[in-house]
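Protein chains: 2
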Amino acid sequence: MKKEVKNRTAEDFAKEQREISISEFFLKNKHLLGFDNTRKALLTTIKEAVDNSLDACEDARILPEIKIIVEEISEERFKVTVEDNGPGIVKEQVPKIFAKLLYGSKFHKLKCSRGQQGIGISAAVMYGQLTTGKAAHITSKIQKGKQAHHYELHIDTKKNEPEIINDILVDWNKDRGTKVQIFLEAKYQKGKQGIDEYLRQTAIVNPHLDLTYTNPEKQKIEFPRATKELPKEPKEIKPHPYGVELGILMKMLQDSSSSKLSGFLQKDFCRVSSKVAKEICEKANLPEKARPKRIAKQEIENLMKAIKNTKIMAPPTDCVTPIGEDLIVKGLKKEIDADFYAAVTRPPSVYRGNPFIVEAGIAYGGSIPSDDLIRLLRFANRVPLQYQQSAGAITKSVINTAWRNYGLSQSRGALPSGPVVIMVHIASVWVPFTSESKEAIAHYPEIIKEIKLALQECGRKLGNFIRKNVKAKEQRERINLFENYIPELASSLNNLTGDKKEEIEENLKKILKKGLPELEKNGQTE
Amino acid sequence: MKKEVKNRTAEDFAKEQREISISEFFLKNKHLLGFDNTRKALLTTIKEAVDNSLDACEDARILPEIKIIVEEISEERFKVTVEDNGPGIVKEQVPKIFAKLLYGSKFHKLKCSRGQQGIGISAAVMYGQLTTGKAAHITSKIQKGKQAHHYELHIDTKKNEPEIINDILVDWNKDRGTKVQIFLEAKYQKGKQGIDEYLRQTAIVNPHLDLTYTNPEKQKIEFPRATKELPKEPKEIKPHPYGVELGILMKMLQDSSSSKLSGFLQKDFCRVSSKVAKEICEKANLPEKARPKRIAKQEIENLMKAIKNTKIMAPPTDCVTPIGEDLIVKGLKKEIDADFYAAVTRPPSVYRGNPFIVEAGIAYGGSIPSDDLIRLLRFANRVPLQYQQSAGAITKSVINTAWRNYGLSQSRGALPSGPVVIMVHIASVWVPFTSESKEAIAHYPEIIKEIKLALQECGRKLGNFIRKNVKAKEQRERINLFENYIPELASSLNNLTGDKKEEIEENLKKILKKGLPELEKNGQTE
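The listed protein sequences correspond, in order, to chains A and B.
To convert, note that position 401 of the first sequence is 401 in our numbering; the numbers rise steadily by one, no gaps.
To convert, note that position 396 of the second sequence is 396 in our numbering; the numbers rise steadily by one, no gaps.
Simulated from the structure, these hints should not be mistaken for lab results.
Be aware that a few hints might be false.
Copies of the same chain look alike in the list, so a pair counts if it works inside one copy or between any two.
[Unchecked claim] Each computed DSS-like pair below joins lysine-lysine, with the alpha-carbon atoms no more than 25 Å apart: (1) K96 - K159; (2) K28 - K297; (3) K28 - K159; (4) K15 - K159; (5) K96 - K28; (6) K235 - K267; (7) K509 - K468; (8) K396 - K187; (9) K238 - K179; (10) K293 - K158; (11) K305 - K79; (12) K192 - K396; (13) K289 - K275.
Note that the structure is predicted; figures quoted are calculated from it, not measured.
Pulled out of the complex, with its shape left as it was, chain A reads as follows (with noise of 0.2 Å):
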């Protein structure tokens, strides 16, 4: 072996240590946000203004109503605009919140939202200006009578900072609202995993939302609302003393605005009252009016010590929203066409402290292919999961529910086949997703579990359907031949007994029309 330069040292590798921006970093990795390929692009940036729009309108009250036009404006280039009546944003945040990623107001709260990481719609910023060197043109009013602010921003991705193009004030004809147009390189397709689908579902969970959709085809789609009800508001909730680490609990200590121990685990956390706090503290041996910031460490961990071993009530979970039985179920009626529905809710649960719950609804037979995989669709606080679908706790249930029990067909390791539509929805003040771009949910015990329960109450009312079904066809079928032999058996009996043959044959029909069941083939609903 000849070696042709000399072996490099330490210090040679230290030139070469460098910090690395967010921005760097996610332009890199821009698959980990759901840019992987120009037909995801078109999606993650609709969806993730969709998602905006729709959060700030629940948050203010607002019915919201949203306009989208997709625009082919060269090959593989779009203009994507996301319009909503939402609350708009102040001035001075619109440059953080669409050029900074890592910036928004969810990631500090416990609160069931669609957003949660402040790196959605900049990341869709980034994705356009990286692929057509374009601004992103933001719009949005916040009051009537006032004039609308409109920016041109890009990233400045060494810095994860704005760089603002452009600002100026301008007359836009609208209450409120907030107007984004972004720049792309993108595919336009239809499927499972376009965006014409992503609609169809967002409408079936939103059923409050009002949506209009022009297409690159220039089809203008009108998604009306359903109900003018908006969904409940859902409630901000500290977070569950069960679900602190060491190192959080510190920092929240360190941080404290509380002078006395006692005030600040009432404050800081839920279901803690003075009594739980008193009784904390006792366990801890720490005084109760002792001062948060100056608690050392091994007192810390005493502390944790003692809240884990003090019991306390679980989080409150009416700040979890589910879509409902009743809604998955008219949802699925809406636009699947099957002889058989039903949905459950189940109870709240919590997850490291965490409030959660599932919910699942199933469709069975009608025009729904019945030689293929089942057909799963999936949603995390109400926004429709359309790809990594392999990869999240939802399938890995599904996969691992005995659907045979049920009444379907499954190989191992695969999902059941049948002509079935499952859905699934998983509501959280906090959805762990597998990666920044919220495809798939990870896989936590705790929501798997209920996943699965879930699933299971759903199959159970699938398998008494379908036994039902399948015994009554058959005895339909044992009827139907046994009626084939009336003639024959009323021409005998005739002979015998010397009664009328129709008379005969009349009683054996009657005698037979009594052993089949009713069956309502249609619509049915458990």
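Start from chain A and add chain B according to the hints.
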């Protein structure tokens, strides 16, 4: 509906907007970094440290010797020590490398390496701090005769900056090297996703590594090196013009130190000769002497188009270092008792300008259980991937390969089943993982295509073996059946011809033997 509170306005929402530090982000989303649960946390911590040690040794052309000690110091509390004989780290760099996320030397390079993001080891330090409150201890020595520097580090998660708890000089009886000690909440468990399996697989694909591992049961396990030859030194390459995006090209032009466009193209990209540079400039209608920083946006778009319309050689591929077919078969043979082995190293290919190589290996029969789904071993740049099997391009490719053609049974949408172990390795200057925890490879079509080609090639070899084997077995069974009739047949022939019964029997047996094909049953390799 009663309104309890005044609806909130844009001003109210503005007050809630905040910046999120990257450390806070990953602290809350620690499952993105591989810290989903205590068992995985132990694996990830060791993996990140070992990845760094191996990269450092190979970069400095040192045959790696790594010592790992995992101790359970109290219930669910562990101390992990990983010590290497690498080049060491200069004092000033230690805090940032170990206690600042997104800091490193590999992110801005295109080069085959295990680490690439500058997140991993700092994430392990952060997780240790989160769960135990304890600082990480780092000892590093860069030169024989000098003292080692010893640091105790925390991460200030609000600022994403190191916090130095202690910083001293110590004697260390070693020429050079780095020792990392992290205290963390963890769980030790053997099995497919445990650290024992990780180290076993790491030893298979890194035969130049000398590894000593002391597990929490205080058993010392040695993995002696199988070769003294280091893998070929991976070369760094410049990006290929075909892989560049408009936004990146703009940034590169802005940042370039070249004074002329032609020089920029030749210096900042691979495969651009002065001739190619000239051609690009001509097609873009730009002077070769144009100042890179001065090129206007529209001109950059023309430059992009010119690049796409110019024939440029594929990127060099000697920068990608495969394991090699021999070594894969050797590795499989060492670890798996089978009847048949095969391996394929595909020629280099390119995705988005990044060269990569796919390799696959297969083992069949022997003592591999035959009544289950096949076992799949996945590797990226010589690192075993043990989690998220169902999420990545490798599993997708295995599922979408028609294994029935090669004699295995397979249900739709599932892995094939049978007594088979399949291994797939992807080596690249930039591996696109589906998450920061680097557990699965993103679904890039070019990568999936290469994996499928490698699998098909292995599959054909396997199919030949199974066909031969199965055919031979069937023939043997037919012959055995016939053999049973020989005495009777011989008697009949004896009656008819009068020849000696014994002679007839012997002749019949001879004829049968000729029909029986030779078959080596053990250790076949194609």
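Open item on the list: When Cα atoms must be at most 25 Å apart, do K15 and K159 count as within-copy, between-copy, both, or neither?
Closed with: both (21 Å within a copy, 23 Å between copies)
Task: Intra/inter-copy verdict for K235 and K267 if alpha-carbon distance must be at most 25 Å - done: The answer is within: 16 Å in one copy meets 25 Å, while 56 Å across copies does not.
Open item on the list: Within, between, both or neither: how does the pair K509, K468 come out at a Cα-Cα threshold of 25 Å?
Closed with: within (23 Å within a copy, 62 Å between copies)
Task: Within, between, both or neither: K289, K275 at alpha-carbon 25 Å - done: Result: close within a single copy only, 14 Å intra versus 78 Å inter.
- [ ] Could you place K305 and K79 in one of the four classes (within, between, both, neither) given a Cα distance threshold of 25 Å?
- [x] Between copies, since 20 Å is at most 25 Å while 55 Å is not.
- [ ] Using 25 Å as the alpha carbon limit, work out where K28 and K297 are close: within a copy, between copies, both or neither.
- [x] Classified as between: cross-chain Cα gap 22 Å, same-chain 39 Å, threshold 25 Å.
- [ ] Have a look at K396 and K187 and pick one of within, between, both or neither, based on CA distance no larger than 25 Å.
- [x] Result: close only across copies, 23 Å inter versus 30 Å intra.
Open item on the list: Regarding K293 and K158, is the shortest C-alpha distance of 25 Å or less found within a copy, between copies, in both, or in neither?
Closed with: between (36 Å within a copy, 16 Å between copies)
TODO: Give the relationship of K96 and K28 under a CA distance limit of 25 Å: within one copy only, between copies only, both, or neither.
DONE: both (21 Å within a copy, 21 Å between copies)
Task: Intra- versus inter-subunit Cα pairing at 25 Å for K238 with K179 - done: Neither way: K238 and K179 sit 33 Å apart in one copy and 40 Å across, limit 25 Å.
Task: Within, between, both or neither, where K28 and K159 count as close if Cα-Cα is 25 Å or less - done: both (15 Å within a copy, 23 Å between copies)
Task: Copy assignment of K96 with K159, given that the CA separation must stay at most 25 Å - done: Both ways: K96 and K159 sit 12 Å apart in one copy and 18 Å across, limit 25 Å.
Checked against the numbered hints above, the structure violates only hint 9.
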